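Sequences listed follow chains U and S, in order. Residue numbers for the first sequence follow UniProt numbering, beginning at 1 and rising by one. Residue numbers for the second sequence follow UniProt numbering, beginning at 1 and rising by one.
Read the hints as simulated data drawn from the structure, not as lab findings. It should be emphasised that the depicted structure is a prediction, and the values quoted were computed from it without experimental measurement. Hints are not guaranteed to be accurate.
Same chains, same label: a pair holds when it works inside one copy or across any pair of copies.
Here are the simulated lysine-lysine pairs, BS3-like style, with alpha carbons at most 30 Å apart [claimed, not checked]:
# : residue 1 : residue 2
1 : 91        : 71
2 : 260       : 50
3 : 50        : 235
4 : 260       : 3
5 : 224       : 91
6 : 71        : 49
7 : 235       : 199
Protein chains: 2
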Amino acid sequence: MEKYKRNERVASLIKILSDNPNQLFSLNYFSELFSAAKSTISEDITFAKKIVEQMSLGQIETISGASGGVKYKTYIDKAHIVRFLDDLCEKLREPKRIIPGNYIYASDIIYDPNISYMVGQIFGTYFMNTGAEYVVTIETKGITLAHMTARALNIPLVIIRRENRVTEGSTVSINYVSGSSKRIQTMFISKRAIPEGKKVLIIDDFLKAGGTAKGIIGLMKEIKVDVVGIGFLMKTAEPEQKLINDYISLLEVGEVDEQKGLINIYKDMLFS
Amino acid sequence: MEKYKRNERVASLIKILSDNPNQLFSLNYFSELFSAAKSTISEDITFAKKIVEQMSLGQIETISGASGGVKYKTYIDKAHIVRFLDDLCEKLREPKRIIPGNYIYASDIIYDPNISYMVGQIFGTYFMNTGAEYVVTIETKGITLAHMTARALNIPLVIIRRENRVTEGSTVSINYVSGSSKRIQTMFISKRAIPEGKKVLIIDDFLKAGGTAKGIIGLMKEIKVDVVGIGFLMKTAEPEQKLINDYISLLEVGEVDEQKGLINIYKDMLFS
Chain U
1 MEKYKRNERV ASLIKILSDN PNQLFSLNYF SELFSAAKST ISEDITFAKK IVEQMSLGQI
61 ETISGASGGV KYKTYIDKAH IVRFLDDLCE KLREPKRIIP GNYIYASDII YDPNISYMVG
121 QIFGTYFMNT GAEYVVTIET KGITLAHMTA RALNIPLVII RRENRVTEGS TVSINYVSGS
181 SKRIQTMFIS KRAIPEGKKV LIIDDFLKAG GTAKGIIGLM KEIKVDVVGI GFLMKTAEPE
241 QKLINDYISL LEVGEVDEQK GLINIYKDML FS
Chain S
1 MEKYKRNERV ASLIKILSDN PNQLFSLNYF SELFSAAKST ISEDITFAKK IVEQMSLGQI
61 ETISGASGGV KYKTYIDKAH IVRFLDDLCE KLREPKRIIP GNYIYASDII YDPNISYMVG
121 QIFGTYFMNT GAEYVVTIET KGITLAHMTA RALNIPLVII RRENRVTEGS TVSINYVSGS
181 SKRIQTMFIS KRAIPEGKKV LIIDDFLKAG GTAKGIIGLM KEIKVDVVGI GFLMKTAEPE
241 QKLINDYISL LEVGEVDEQK GLINIYKDML FS
């Protein structure tokens with residue numbers, strides 16, 4: 001007799017796979033864990049696959065062959081994304097968020113682990129097939145979003161620093177001009193962070209003119225890695241012409257009017 | 001006839017609950033989601049509970065009464081923690097991690113989403129019953145660990161800045177003396193970040209003399225919130241006497257010898 005019942009095995013399998021997104025588990029692993037035959041595990045996987053797809057809880061992929069196995073892939077459908085982004089816009093429109101100078105206070109939202117998780121799921125779904133091997137961001141406000149994207153894709157996160165720190169070891173740096181303030185600044189990346197030739201995804205919270213993003217792209221070129229995708233949570237409508245191309249942004253911020261307590265923010269056309 | 005089979009409902013229920021740790025779901029929610037009677041959902045929950053406990057995958061808690069429901073609580077047992085910390089020590093002992101000045105390069109480990117996830121699970125388990133309502137950290141290296149702890153506990157993350165930023169709105173700041181370098185520095189927190197009287201957890205990557213941590217505690221006092229727990233990934237063995245008390249650290253770093261390529265690092269006694 002088998003040690004665990006089918007519903008116990010299937011539920012555990014889904015939990016373990018989805019706790020470790022994009023990580024390949026061999027059939028042997030589950031066969032040993034559940035003390036069950038590989039043919040039984042195969043059937044369990046078929047059940048698990050059906051369940052997650054039917055409930056829109058992601059995707060389970062099987063890879064056949066000697067080095068094969070099973071893995072969970074982050075996937076959320078457009079209806080879920082649209083609902084989440086609509087809720088997010090509503091939160092961001094609260095007039096009390098306006099900071100003198102027509103900025104929006106959004107730290108509480110960006111750092112909310114439920115929201116960063118969902119943003120990571122969206123970027124994970126969108127960039128799943130880019131072959132990205134690292135997620136890169138610059139300190140500080142994009143970190144939670146980049147972190148959850150890295151988790152969804154099961155790839156390492158790398159944080160570019162705005163100051164040179166001894167704990168990073170030798171660094172490569174570049175000077176860049178902030179697109180909005182026109183100030184010259186420097187950014188630093190540890191030489192150990194990403195080997196040459198790797199594919200990276202750039203994730204950040206906010207795109208205004210694009211000076212910082214352009215700086216990151218320049219730094220990536222400097223360390224000889226390929227940028228295969230760029231994602232922002234928000235971009236400003238103005239300036240319309242950004243210093244970078246080929247990016248996605250989930251939200252667009254229009255006029256912020258302190259007098260009227262008005263924040264114009266909406267989903268990007270991509271999700272309309 | 002019911003729309004979904006028991007094993008489908010139980011597996012989905014576990015997935016949804018554990019994707020949203022420490023969040024209360026009403027029986028009605030699942031009753032509607034699965035088009036099933038509440039009595040059926042109650043039985044499903046009993047099954048789900050047994051499965052996660054039997055497989056050491058966390059805990060499912062039911063709360064009875066009108067405002068009751070069911071939630072998933074992060075819980076990992078000591079055996080899992082010990083195995084994870086032993087692996088982590090082994091990784092951190094690699095001689096190539098030594099940075100001139102006897103520092104250890106650990107950014108790749110701290111930012112690895114699988115590792116930060118596990119550290120978050122450990123802190124989540126340890127601090128589960130402190131009543132913490134916010135997780136606080138200071139930029140930059142503790143962010144991923146604090147973020148995953150916040151996710152495990154389903155509470156917001158707050159990041160203290162080392163520079164005053166316009167996007168934080170009005171801030172409260174304090175000056176502090178870094179325990180190791182003896183330099184005077186300033187830290188800033190948004191006035192909107194945490195309401196008075198709340199309970200907070202402080203999470204950071206590294207404790208040396210404790211000057212920064214003491215600064216954070218001072219800042220929390222300034223904004224009138226209570227510190228109910230303090231956790232570090234690593235602390236140094238020297239100085240033995242830190243500037244703060246009542247903290248836990250998962251690992252302890254002893255002598256780092258560049259000549260011999262030796263890094264002394266071990267689990268804290270708590271996990272031996």
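For each hint, the structure was consulted:
Taking the closest pair of Cα atoms, residue 91 and residue 71 come within 30 Å of each other only across two copies (25 Å); inside a single copy the shortest separation is 35 Å, beyond that limit. In this assembly of identical chains, the alpha carbons of residue 260 and residue 50 never lie at most 30 Å apart, being 51 Å within a copy and 55 Å across copies at closest. Taking the closest pair of Cα atoms, residue 50 and residue 235 never come within 30 Å of each other, the shortest separation being 37 Å inside a single copy and 46 Å across copies. When the C-alpha separation of residue 260 and residue 3 is checked against a cutoff of 30 Å, the pair qualifies neither within a copy, at 66 Å, nor between copies, at 50 Å.
In this assembly of identical chains, the alpha carbons of residue 224 and residue 91 lie at most 30 Å apart only when taken from different copies (26 Å versus 40 Å within one copy). In this assembly of identical chains, the alpha carbons of residue 71 and residue 49 lie at most 30 Å apart whether taken from the same copy (10 Å) or from different copies (24 Å). For the identical chains of this complex, residue 235 and residue 199 are intra-copy neighbours only, at 24 Å inside a copy versus 34 Å across copies, given an alpha-carbon limit of 30 Å.
This entry does not satisfy hints 2, 3 and 4, going by the numbered hints stated previously.
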